[in-house]
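Engineer: Full structure from sequences and hints, please.
Those sequence lines, one after another, are chains A and B.
Residues are numbered in my numbering as their position in the first sequence, beginning at 1, plus a constant of 700.
Residues are numbered in my numbering as their position in the second sequence, beginning at 1, plus a constant of 100.
Quick caveat, the hints were computed from the structure, so don't treat them as lab data.
Here the structure is a predicted model, which means the values were calculated and not measured.
Where a beta carbon is used, it is the ideal one built from N, C-alpha and C, also for glycine.
Any given hint could turn out to be false.
To be verified - Restraint-style ranges between C-beta atoms, simulated for each label pair:
no. : chain 1 : residue 1 : chain 2 : residue 2 : range
1   : A       : Pro868    : B       : Pro258    : 45 to 55 angstroms
2   : A       : Thr821    : B       : Lys209    : 15 to 25 angstroms
3   : B       : Gly280    : A       : Glu796    : 26 to 36 angstroms
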Amino acid sequence: MNITRRVSWVGFAVDGALTKSTIHFLGCSGGVSAPYPTQVIITKFNNEPEAVALEGARLNTPDGVRIDTAFPQEGQAQSALCGVAVEITSNQAREEIDDSQCFIELQSRNSLLKYRPIQYTQPRTPKTGILIRDHLTVSSVVLLNPTDSEQASPYLVRVGEAEVPLFPETIKPWGVVEIPASDEWFDRSSRPVSLSGGVLQSVVVSGVGETPLCGFIVYRDAAIRRAISVQSI
Amino acid sequence: MIERRYWFAAHPFSETHLLLAPSAHASETVEYQLKFFDPDGLFFNEAHIAVEPISIATLELEPFLHGLKFESGLRHGCVTVSSSDHGNAWVRLASRTQVSILSNLIEVKSEANGFFPLNFAQDRKHLLVAINSSDDEAHIRGRLFLRNRAPDVPLIIPPHGSRCIPLESAFSDVLSEGGGNSYLRLTVKQPARVSFLIAESQEQAGEGEIVSVWGAAA
Chain A
701 MNITRRVSWV GFAVDGALTK STIHFLGCSG GVSAPYPTQV IITKFNNEPE
751 AVALEGARLN TPDGVRIDTA FPQEGQAQSA LCGVAVEITS NQAREEIDDS
801 QCFIELQSRN SLLKYRPIQY TQPRTPKTGI LIRDHLTVSS VVLLNPTDSE
851 QASPYLVRVG EAEVPLFPET IKPWGVVEIP ASDEWFDRSS RPVSLSGGVL
901 QSVVVSGVGE TPLCGFIVYR DAAIRRAISV QSI
Chain B
101 MIERRYWFAA HPFSETHLLL APSAHASETV EYQLKFFDPD GLFFNEAHIA
151 VEPISIATLE LEPFLHGLKF ESGLRHGCVT VSSSDHGNAW VRLASRTQVS
201 ILSNLIEVKS EANGFFPLNF AQDRKHLLVA INSSDDEAHI RGRLFLRNRA
251 PDVPLIIPPH GSRCIPLESA FSDVLSEGGG NSYLRLTVKQ PARVSFLIAE
301 SQEQAGEGEI VSVWGAAA
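Structural biologist: Here it is in structure tokens:
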């Protein structure tokens, strides 16, 4: 009897005129070295989900696909920012395939950013993250709702001794929102630390309870707003 | 006691900071113990830091790194952060024009794979950072999938040590025929716990070199 194993990730991508995204994945199982076939399903979403199944992927063989290749019929999106869910299924592996890995790459002129999306189980326990403001960096938070129902954000920002909601509204099914870090959060809570080129301020973001949402802190170049580093929360 | 491990580099990064944030549940001052290890896995410094609840401590690491040796042209190593609190820590690596934020390292289990998508081009250079958290020497096989070639190289990392491996040199034979999009697969042999990062530098017109470090925990 074949055993079906599945692993999934959720992350964000950008599919616009200036920035393209590629999803890279490696399905692997610790005890299996043969390149058994795997099924890969990629779902792109921004209020509406759209899924494609990729053919030809194999265990232990790295592979990847550009978003605009996987979704060639896509019209001009309202926003270039979108959510992406990636699922690898193997019906041959005799062991778990949760050692499998995934990266999302955002490509724009003179910039390449690669980060690991969240390996997804529903619900998940949110992680703590840190928002940073300095002479090189600004921060924002991207929240993704990879479900069919509206969801409230569990994330709180520690502002002084108080905790304020990061995003007080609910997030639509398959919704994607980006929340820029507020200057007020830094001004009210953070002791500036001197750097050679300016000062650094930081604020903690943490989650309460469990949530089906996925969150990422995106650090951007302060001058041209190019994304330079990503942390999941 | 909760212990987390972080990689840091002092060069070519102009400033390296460790940010410590006690958990939201902490009601008293949280004591952190920092232990610094050089690339050969040798302990060379330690520090004790007390952080008030509802605050973030930002430490410049350079004052703790006297005597840290160079390896592959970089001064780099690992710091373990121990405390009884479930708080968090991050390393901020700032080059002249770009910042990378790193969380704690994730370990690839023995007989499992590390995996990185890489873009080899004339204006880019890649360092594979391999960190061995175990008491034994780690034996790793790195295989590069580029066009229809898949050469491999063996790597050995000392116990509790770290190594920066210039990938353009390690795979010079295949890269001499041209670059392009590729994948690096790293297989850890024997019972070792190893973490991997990529330090990628790129020459940019008018901006000089930017350095990005990626691949840490999701």
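Engineer: May I ask you to test the hint 26 to 36 angstroms on the CB atoms belonging to Gly280/B and Glu796/A?
Structural biologist: Given a distance of about 33 angstroms, which is inside 26 to 36 angstroms, the answer is holds.
Engineer: Quick check on a hinted range of 45 to 55 angstroms for Pro868/A and Pro258/B, using CB atoms only.
Structural biologist: Roughly 51 angstroms apart at Cβ, these two residues keep to the hinted range, so it holds.
Engineer: Given the range 15 to 25 angstroms, decide if the beta-carbon distance of Thr821/A to Lys209/B lies inside it.
Structural biologist: Holds, since Thr821/A and Lys209/B (Cβ atoms, about 19 angstroms apart) stay within the stated range.
Hint check: no violations occur; every hint is consistent with the structure.
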